[in-house]
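*Asks:* As a plain string of letters, each chain reads:
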Amino acid sequence: MILTPLDELLLFSGATLLVALILGRGLAAGWMVTILYGGQLLTLIKMAALGYSDTIIHASINFEIMGQSLSWRFDALSWFFALITVASALLSSWFSCGEWERSFKQHGGNIWLYHSAMALNVFTMLILLASGDLLSLFIGWELVSWAGFLLMAMAGGVATRAAMRYITYAMAGGMAVFGGIALVYVAAGSLQYEAILTAVDQMSTTQLWMLVVMFGSGFGIKMGLLPFHLWQAPAYAETPGPGSAFLGAISSRMGLFAILLVLVKLFGIVNIDSLKIPFTLIDARDLLAWIAVFTIILPTFTAMKQNDARHLLAWHGIGQGGYMLLGVVVADAMGGAGGLLHVFNHATYQAALFMAVTAVIHRTGTSDLNKLGGLVVRMPLSFVVLLVGIIGLAGLPPMNGFVSKWLVYRSLLNEGMPLLFLAAVIGTLGTILSVYKLIHNIFLGQLRIEHEQVKEAPWSMMVPMLILAAIIFITGLFPGIPLAWVASVQEVIGLPVTDYTLGGVESVSGSLDMIWVIGVLFAGFGIGAVIFYSAGRSKRVHQLDNYAGGHFLSADVRYQYSDNFYAGLMHLIGGWYRGSFLWLEKSVTSLVDFISLVMQGLYRRANAEFYLLSTALFVIAWVVI
Amino acid sequence: MSSINQIPVIEAKRGNPLSKVFDELVRFCRSRSLFILHYCTGCGAIELPPAMTSRFDMERLGIQPMVSPRQADILLITGYVSIKTLKRVILTYEQMGSPKYVIGICSCTVNGGMYWQSYATAKKLDEYMPVDLYIAGCMPRPEAVIAGLQQLMNRIQSGEANSWEDYFRNYDYYLGNQQKLFGDNWQTPTDIITEAKHYNLMGEGTFGEHTRLLEQHQKPLEALDMRLGHNLKEPTE
Amino acid sequence: MAPMELILELTLMPLIAFLVGMMMVLMMRRIAAKIQRRVGPPLLQPLYDIVKLHSKRTQISHGLIHDIGIIMAMGGYIAAETLLPVPGMNGIAEKGGIITLLYLMMIPSLGLALGVGQCANPNGSIGIARALTAMLAYDIPLVIVIFGVAYAAGTTNLVDIIAQQQAGGFAAWGAVEMPLLAIAGLIAMHASLGKQPFEIYIAPAEIATGPMVEMSGKYLGGLFVMQCFQLYTTSVLYVSLFLGGGTTWFDFLLKSFLVLAIPVSIAYLFPRYRTEDLLRLMWKWPVMLGLIGVAFVL
Chain A
1 MILTPLDELL
11 LFSGATLLVA
21 LILGRGLAAG
31 WMVTILYGGQ
41 LLTLIKMAAL
51 GYSDTIIHAS
61 INFEIMGQSL
71 SWRFDALSWF
81 FALITVASAL
91 LSSWFSCGEW
101 ERSFKQHGGN
111 IWLYHSAMAL
121 NVFTMLILLA
131 SGDLLSLFIG
141 WELVSWAGFL
151 LMAMAGGVAT
161 RAAMRYITYA
171 MAGGMAVFGG
181 IALVYVAAGS
191 LQYEAILTAV
201 DQMSTTQLWM
211 LVVMFGSGFG
221 IKMGLLPFHL
231 WQAPAYAETP
241 GPGSAFLGAI
251 SSRMGLFAIL
261 LVLVKLFGIV
271 NIDSLKIPFT
281 LIDARDLLAW
291 IAVFTIILPT
301 FTAMKQNDAR
311 HLLAWHGIGQ
321 GGYMLLGVVV
331 ADAMGGAGGL
341 LHVFNHATYQ
351 AALFMAVTAV
361 IHRTGTSDLN
371 KLGGLVVRMP
381 LSFVVLLVGI
391 IGLAGLPPMN
401 GFVSKWLVYR
411 SLLNEGMPLL
421 FLAAVIGTLG
431 TILSVYKLIH
441 NIFLGQLRIE
451 HEQVKEAPWS
461 MMVPMLILAA
471 IIFITGLFPG
481 IPLAWVASVQ
491 EVIGLPVTDY
501 TLGGVESVSG
511 SLDMIWVIGV
521 LFAGFGIGAV
531 IFYSAGRSKR
541 VHQLDNYAGG
551 HFLSADVRYQ
561 YSDNFYAGLM
571 HLIGGWYRGS
581 FLWLEKSVTS
591 LVDFISLVMQ
601 GLYRRANAEF
611 YLLSTALFVI
621 AWVVI
Chain B
1 MSSINQIPVI
11 EAKRGNPLSK
21 VFDELVRFCR
31 SRSLFILHYC
41 TGCGAIELPP
51 AMTSRFDMER
61 LGIQPMVSPR
71 QADILLITGY
81 VSIKTLKRVI
91 LTYEQMGSPK
101 YVIGICSCTV
111 NGGMYWQSYA
121 TAKKLDEYMP
131 VDLYIAGCMP
141 RPEAVIAGLQ
151 QLMNRIQSGE
161 ANSWEDYFRN
171 YDYYLGNQQK
181 LFGDNWQTPT
191 DIITEAKHYN
201 LMGEGTFGEH
211 TRLLEQHQKP
221 LEALDMRLGH
231 NLKEPTE
Chain C
1 MAPMELILEL
11 TLMPLIAFLV
21 GMMMVLMMRR
31 IAAKIQRRVG
41 PPLLQPLYDI
51 VKLHSKRTQI
61 SHGLIHDIGI
71 IMAMGGYIAA
81 ETLLPVPGMN
91 GIAEKGGIIT
101 LLYLMMIPSL
111 GLALGVGQCA
121 NPNGSIGIAR
131 ALTAMLAYDI
141 PLVIVIFGVA
151 YAAGTTNLVD
161 IIAQQQAGGF
171 AAWGAVEMPL
181 LAIAGLIAMH
191 ASLGKQPFEI
201 YIAPAEIATG
211 PMVEMSGKYL
221 GGLFVMQCFQ
231 LYTTSVLYVS
241 LFLGGGTTWF
251 DFLLKSFLVL
261 AIPVSIAYLF
271 PRYRTEDLLR
281 LMWKWPVMLG
291 LIGVAFVL
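So the sequences go chain by chain: A, B and C.
Following the numbering used here, the numbering of the first sequence begins with 1 at its first residue and continues without gaps.
Following the numbering used here, the numbering of the second sequence begins with 1 at its first residue and continues without gaps.
Following the numbering used here, the numbering of the third sequence begins with 1 at its first residue and continues without gaps.
Among the hints, erroneous ones may be present.
Stated by the list, open to error - Straight-line distance between alpha carbons at most 20 Å, and here's what the computed SDA-like set of lysine to any residue pairs gives:
no.	chain 1	residue 1	chain 2	residue 2
1	A	K539	B	G203
2	B	K219	A	S554
3	B	K219	A	A555
4	A	K539	B	K219
5	A	K371	B	K84
6	B	K84	A	A548
7	A	K539	C	L64
8	B	K219	A	D556
9	A	K539	B	K123
10	B	K219	A	K371
11	A	K539	B	K84
No lab work stands behind these hints: they were computed from the structure.
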């Protein structure tokens, strides 16, 4: 039997899992696993033709269960997501090798569990991405959910509670997806994509609505779409460092993958567009767009209030998911490209940011934004990585986040959607505010006495971070590289394809050429530097040689502004944070609690007559009604 | 040291006529753009608002008020300086960027004025920092303030107003007077000695017995250099 | 376009922006003086200030990021000028468009924010926190306005937007076609200049000029240069969006100076708002006007 590249990839991934399971306690387990991830990446690169054309690679394994055939295959969409998955796994695993691993063990962490959970996550994600029909999609979906739970729960304590919350949501989502699949089966009589594609046209509006709601909420839970976003930030933030980098980069994008596959590719944006909500002017697509927009704004402004660097980033991860969905839902050439490109861009900078924060935790032992400061002189390279990452996250030139957000803005502009456009920009502005708080409170300002002897992160952590920073910059300079993959993904899922160039996008209504923009920007910096350095010399002074209205500063008194960073803003909007979603979650939880108490009470009675009576009453009521 | 004219004026090293024109231009610009930091002690401060606002308008001479010592060129001390205040005045002066000029307004800065018998007042300002110009009076009117500022402008333009170099070149003298008043532990967060070294402004009087005394108890003031940790010991767990 | 010609344009555009910007600083200070019944500074005062600040003998730096921040603050604007068409010169305006320009204009502020951050002075950090809050306040009406103009023109290319207005004559000017957007844009522009009553982040009496508190010598000089660019960019952008750009240098400069004179004349009549009042004002009136204006455009 000849192995197709997809077989090789899955085998490689399974082998990685096995090695992690068997040798995970060994000395160089991290390095071995990392090398195997490298092998997976190579196999993926062997399939690179997928990223540039409309071909499909099948796996050799097929099943037939209860008349349902299960198959696995890769197309451009799967390849694009798999590339991000494997690359982020490779880099975060590399990051975890060596010194981080040792200190993790010293602090009582189970490194075997960590490596195995990571390998399991990658393996299950690849299975999900390769799914060739709805049943294998569902199997992959459940596997990914449980693998994610393993990684999130391993830190214990707060993390386990967050992971329990996650798995509750994920199970609910899984149920919704399963219900959707059952409905599809009833309507189409098969779970093969081709059969569904033909069946969708005959579906009634009610059926389509049910499906959109079920699949949308099921997959949306994984993506952290409002109102199902509460689980995500604590779960990702409390995962051990490199794990959170991996999860933050790609894990919740599995939800977007499934949405692209089912809602966009199978159902088609046009069909969703035709679903009107009675008595209002909006349709299901507008609804999705507005959900996306609120997913951008609310988590972003929640992130602004976080005082823990990891939580701040995790909340942003939710918010950025909104841009992806927004771009895809707008579904013109630019919007689709923007949304998909943002998946790639977000993975690069989110992983870099989580890694930089983990490096800071590794050296200082805290990620509390009120207990850090001034670290730029001690960890300059981590500062550079974090800076590159936040410029990407905030979507400013010259980093890659700008390109994808620009595409989303342009599509909203072209389609004439001012409110969505405005909301997307508000999200960006909120991001700028909160990432400045992040970099200021960690790296700028006053260096604390206890951090004077801090060292830069070890090279085993630094190299993957620098690689990511380089990717962020290079794909910002040449967005054409990922846009080529994005274009074939657009083709596969049936969206219009963008007219891209190496430096950006060509369009009659205004194009973008990042090579020129960045070139001019750096030329400007060069001129600025010439002016600056041709003026007189300056002398570096100690941080305590500082203006304090004539006061003599000393090292034992902090001279730093970090807490309640946007006090003036919070004076106005502070009251708008009502925790409504928390309230909603709590009321659902207590409702379930109450029902279970009632049921418990009923069962405890063990009173035969009572059961008989209630059954009889129920039957009578049934008959009467 | 108080007599500023005795300090030898060092001629510009460059003989290039073009650079002379350039120096001339720079001096002209310096004299036409003066940012003032008011150190408003005592009663003289009340004469400054009229000097700045519509009646006398200092801005037509290019003189503007500034807020922090980093931005300012002129330190304007407007009255008696108590010992506690003097510490802050010295810190403020040391934080200013050179070329910087000190102007003492009112008699109190000249000789203590009516506070001559006070135990808590520094009498002569120029014992603690080089003063470019005194505007005597109790209090001088805005006209006098502006006339004084114009005189300073002329001195800047002609290159005479370089008393700030005196603070670097004769730091030991000023430090000695400061230590006499504040005690031997006296230290500001600024570091004049390394600054003098950095800008090549060392003179014969930069070092002396007082600076040695300072160096004995001085807390380290080196800037926190950017580093990767290669020169550090392993942190103790 | 010939490469030499392009290079010439790319050099000339920032240079002109700087010179015009200095004159705008002078105009601003003169207007302030006239309103306060003063004489005001002499003709070359902005130049004297910048030369003086760059010729300081000693100045302090709080570290490399402090230096880089100033370089970014100047360099970002120098780059942004090449995306802003002026009569006879388009530079690389067609490669970026208005959204890129808007985001490129945030680079100097970001650089400044980094530089100020390393100064380890809470006054500066508070200043930056307030400046970012102010940005959140005025950018919301500003993007509504930009959306309206770009949608009405059907392009984000500034060159096309200007050409459309000039082709239609006075009646096609943005300010005539979209008066509500023009008013909202003017208010947002006023706030983006950071002048009274919106100067919450300078606030000399409160946070000691905020971001500028630790800036000495050439550092402050860099910020003075940045201010020249900022005034120029803001007013020229407004002229390009609403007043038909310029066909000749004369009417171009006339419009730019007149546009800038409006907020500046208002500024010196008012004291300072608090942060939340600025937010409330910006999120209410210009946003409302802008949205109504956009509704007309759609």
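*Asks:* Hint by hint, note whether the structure agrees.
*Replies:* Consistency of the hints with the structure:
1. K539(A) <-> G203(B): Holds, at roughly 19 Å.
2. K219(B) <-> S554(A): The hint holds at about 10 Å.
3. K219(B) <-> A555(A): 11 Å, holds
4. K539(A) <-> K219(B): OK: K539(A) and K219(B) at ~19 Å, within 20 Å.
5. K371(A) <-> K84(B): The given pair, whose Cα atoms are some 33 Å apart, is violated under the 20 Å limit.
6. K84(B) <-> A548(A): Measuring from Cα to Cα gives roughly 16 Å; hence the hint holds.
7. K539(A) <-> L64(C): 11 Å, holds
8. K219(B) <-> D556(A): Given pair K219(B), D556(A) holds - Cα atoms ~13 Å apart, limit 20 Å.
9. K539(A) <-> K123(B): Between K539(A) and K123(B) the Cα gap is close to 33 Å, so the pair fails against 20 Å, i.e. violated.
10. K219(B) <-> K371(A): 24 Å, violated
11. K539(A) <-> K84(B): The hint is violated at about 28 Å.
The structure shown violates the earlier hints numbered 5, 9, 10, 11.
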